[in-house]
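Let chain A serve as the given structure and place chain B on it in line with the hints.
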Amino acid sequence: MAVGTELASHRARVNQALVIGAAIVGLWTVVAAAAPLLAPRSPVALDVMNRLQPPGWREPMGTDEVGRDIFSRILHGARITIPTALGVILVASVAGSAVGAVAGYVGGRVDEILMRLVDVVLAFPSIVLAMAITAALGPGLQHAMLAIVLVWWPEFARLMRGQVLAVKENEYVTAAQALGVAWPRILVRHILPNAFPPILVKGTLDIGNAIILTAALSFIGLGAVPPAPEWGAMIAAGQAKFEYWWVATFPGLAILSVVLGFNFLGDGLQDLLNPRLRQD
Amino acid sequence: MPLLQYLARRLALAAVSLVGIVLVAFLVAHMVPADPLAVVLSDQATKDPSIRAAYVKRWGLDRSLPEQFLHYLLNVLRGDLGESFTTRRPVLRDLAQHLPATIELSVVALAFSVLVGLPLGLVAAVRHNRVPDHVARVLSLVGAASPIFWTGLIALYLFYYRLDWFPGPGRLDPYLQLPPPVTGFILLDSLLAGQGDTFRSALRHILLPAMVLGWFVMGIISRTTRAALLEVLSADYVRTARSKGLAEPSVIGLHALRNALIPVVTVTGLAFASVLSGAVLTETVFAWPGIGRYAVTASTNLDYPAILGVTILTAVIYLTVNLVVDVLYGVLDPRIRVQ
Chain A
1 MAVGTELASH RARVNQALVI GAAIVGLWTV VAAAAPLLAP RSPVALDVMN
51 RLQPPGWREP MGTDEVGRDI FSRILHGARI TIPTALGVIL VASVAGSAVG
101 AVAGYVGGRV DEILMRLVDV VLAFPSIVLA MAITAALGPG LQHAMLAIVL
151 VWWPEFARLM RGQVLAVKEN EYVTAAQALG VAWPRILVRH ILPNAFPPIL
201 VKGTLDIGNA IILTAALSFI GLGAVPPAPE WGAMIAAGQA KFEYWWVATF
251 PGLAILSVVL GFNFLGDGLQ DLLNPRLRQD
Chain B
1001 MPLLQYLARR LALAAVSLVG IVLVAFLVAH MVPADPLAVV LSDQATKDPS
1051 IRAAYVKRWG LDRSLPEQFL HYLLNVLRGD LGESFTTRRP VLRDLAQHLP
1101 ATIELSVVAL AFSVLVGLPL GLVAAVRHNR VPDHVARVLS LVGAASPIFW
1151 TGLIALYLFY YRLDWFPGPG RLDPYLQLPP PVTGFILLDS LLAGQGDTFR
1201 SALRHILLPA MVLGWFVMGI ISRTTRAALL EVLSADYVRT ARSKGLAEPS
1251 VIGLHALRNA LIPVVTVTGL AFASVLSGAV LTETVFAWPG IGRYAVTAST
1301 NLDYPAILGV TILTAVIYLT VNLVVDVLYG VLDPRIRVQ
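Protein sequences, first through last, are from chains A and B. 18 is the number that this note's numbering gives to position 18 of the first sequence; each next residue is one higher, with no gaps. One gets this note's numbering by counting positions in the second sequence from 1 and adding 1000 to each.
Hints listed in this document are in silico derivations from the structure and should not be mistaken for laboratory results. Do not rely on the hints blindly, as some may be mistaken.
As the list claims (entries may be wrong) - Covered stretches of chain A, as calculated for chain B (at least 3 residues, CB under 8 Å):
1. 48-61
2. 110-124
3. 155-164
4. 206-217
5. 257-268
As the list claims (entries may be wrong) - Simulated DEER-style distance windows between Cβ atoms:
6. R1009(B) to E171(A): 32 to 40 Å
7. M49(A) to V1019(B): 54 to 62 Å
8. N1259(B) to E171(A): 35 to 43 Å
9. A1235(B) to Y172(A): 45 to 53 Å
10. R1078(B) to R185(A): 47 to 55 Å
11. L1323(B) to F196(A): 46 to 54 Å
12. R185(A) to R1009(B): 33 to 41 Å
13. L1027(B) to G87(A): 50 to 58 Å
14. N1301(B) to V48(A): 24 to 32 Å
15. P55(A) to N1301(B): 46 to 54 Å
16. T1087(B) to R51(A): 34 to 42 Å
17. P1249(B) to L38(A): 43 to 51 Å
18. Y172(A) to Q1005(B): 37 to 45 Å
Unchecked claim - Some chain B residues flagged as far from chain A (calculated, every beta-carbon gap over 12 Å):
19. T1087
20. R1200
21. E1248
For every residue, glycine included, the Cβ atom is placed at its ideal position computed from N, Cα and C.
Looking at chain A on its own, in the form it has when it is part of the complex (with noise of 0.2 Å):
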């Protein structure tokens, strides 16, 4: 193939994926945005007579064990879901890409301390860390959230402890500390917005990790509680029905949509802001 046609094809195909995870993205914004409109009924009205009824015309997804509507508490399940993942990895990002900063900036014994407090954390499994976290500060949406951040923000000091000790080395950083410029300004002004595009993939491609954990800590019953249209507690309420396969199967299925398209989005931006990755 010439080059010319494989530069073509290629960009194509980058511009695939970016736009499939744009799609997925936007469309479920949507949907958090505007559940209660879109939604035929309540997430949390009860209907008893009404319960465990298979998908059909008046319930697409049908009902749980209590009546209440599948597709009604999915719809509404985006406005928990999304939020939270966003806020985690964005607490996480911002409180990773501080220390790791500093330490890669400042270097030295700073850069050894906090170092090794990253290696610390990220021995453990995220799972049994963030769930010991959890079950330690009692079980709750926020709860989790809070265990979810503790454990995700070293892989960001990681990420980005590399990019500054890379950046720092450029010319225009000398130059900056020959005029005498103050190291935050130098830290915040020239080398964080040249180490940042790494952190926005990597902030982006974990999106769809963290949905998974949190759903993943709320289906063992510490995050989100019942009455909540969580995803994730929702695949909890279809354990051991195997005769009623509509409650566990179609939230996981919007955990799944979601999340992909987080990773296409992910995928997508990395290879356009980071041509020298790109595979193939």
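Only chain B this time, still in chain A's reference frame:
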């Protein structure tokens, strides 16, 4: 750096990490807003003054915080992780009892992910951008985006409830007895005891959870194999092999694959960690009596000694696996020792 010095340095670093791990567990225990004794004692026991006094002494709770940590660290290093509220047994004994089930499941899952992921990545690279490549890509995309507890439920629904291809949750059929425990791995113990029925039942039970658990890692392994192989396939020595008229299977099998396998081995080592994390929820769905299910039960019952015990144990397993991988690299590739 000479090999012995390198080993000593890695071991010293691991010891520092171990202290850090215990420190994190200690800090988590101190997040519990209630009575500090509630972290090591059950409800009734905290009300008994004599038991309280004994525990305050044993865990050094009347001392300053750094001294308390020292106490905790020494207790943990001695293997004293407290007693589980729910089982009323030392946590260490519970862990020792549940760990083999987890390791057995993880090893079979990892084997599945390599046995399927490697050929899949190979075919995807050779049939680059054709149907097999797309199939492999979709499999790994979906595997990475599915919550494992949901995949497990769907797999049980389809392959156990609907199709009856696999048995339901658990490690064995209920009418079978556990083989005499030698290793704790039912697959091995049943063979050692010469119990063919038990072995077959255990094998049938482990396949479905292992495939669910291995799916995610299988995606990583097939993507890595594909990327590494594609890179190698454009190398000069592959062109040379082709131009001297070697058949394509020999080019790939003898020249390309061997060099492409290096990153795959690295990824497989790291993947063990993902498998261990995934095991926590897979065990819950499949009623698999390992440390993951033990941890989930413990955390929903707010059984703090048990959950902290699992937390420390899994981190130590991570640490050990990383240490072994690092040391192997240092032995295999002297350049790495310099860093």
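Hints and how they fare:
Counting residues of the segment 48-61 of chain A whose CB lies closer than 8 Å to any CB of chain B gives 0, so the stated coverage by that chain is violated, three being the minimum. For the segment 110-124 of chain A, the stated coverage by chain B is satisfied: 7 residues place a CB nearer than 8 Å to a CB of that chain, which reaches the threshold of 3. With 0 residues having a beta carbon nearer than 8 Å to a beta carbon of chain B, the segment 155-164 of chain A misses the requirement of three or more and the stated coverage is violated. With a cut-off of 8 Å between beta carbons, the segment 206-217 of chain A has 4 residues touching chain B; three or more are needed, and the interface restraint holds.
Three residues within the 8 Å Cβ limit are the bar, and the segment 257-268 of chain A against chain B gives 3, so the coverage statement holds. Range check, R1009(B) to E171(A): Cβ separation about 35 Å, and the 32 to 40 Å hint holds. In this structure the supplied range 54 to 62 Å holds for M49(A) paired with V1019(B), their Cβ-Cβ distance being about 60 Å. Between N1259(B) and E171(A) the C-beta distance comes to about 38 Å, which sits within the given range of 35 to 43 Å.
Between A1235(B) and Y172(A) the beta carbons are some 37 Å apart, a value that contradicts the proposed interval 45 to 53 Å. For the pair R1078(B) and R185(A), the beta carbons lie near 51 Å from each other, so the given range of 47 to 55 Å is met. Here the CB-CB span from L1323(B) to F196(A) is close to 34 Å, at odds with the stated 46 to 54 Å. Judged by the Cβ atoms, the range 33 to 41 Å given for R185(A) and R1009(B) holds: they are separated by roughly 38 Å.
Checking the proposed 50 to 58 Å range against L1027(B) and G87(A) shows it is violated: the Cβ atoms sit about 23 Å from each other. Hint check: N1301(B) to V48(A), Cβ distance near 29 Å, so the stated range 24 to 32 Å holds. A C-beta distance of roughly 35 Å is found between P55(A) and N1301(B), which places it outside the suggested range of 46 to 54 Å. For the pair T1087(B) and R51(A), the beta carbons lie near 36 Å from each other, so the given range of 34 to 42 Å is met.
In this structure the hint that P1249(B) and L38(A) lie 43 to 51 Å apart at CB is violated, the actual value being about 55 Å. In this structure, Y172(A) and Q1005(B) meet the distance hint of 37 to 45 Å, their C-beta atoms being roughly 40 Å apart. The claim that T1087(B) is not at the interface with chain A holds, since no C-beta of that chain comes within 12 Å of its own (minimum 16 Å). No beta-carbon of chain A comes within 12 Å of the beta-carbon of R1200(B); the shortest separation is about 24 Å.
Chain A leaves E1248(B) outside its interface by the beta-carbon criterion, the shortest separation being 19 Å against a cut-off of 12 Å.
Violated hints for the displayed structure, listed by number in ascending order: 1, 3, 9, 11, 13, 15 and 17.
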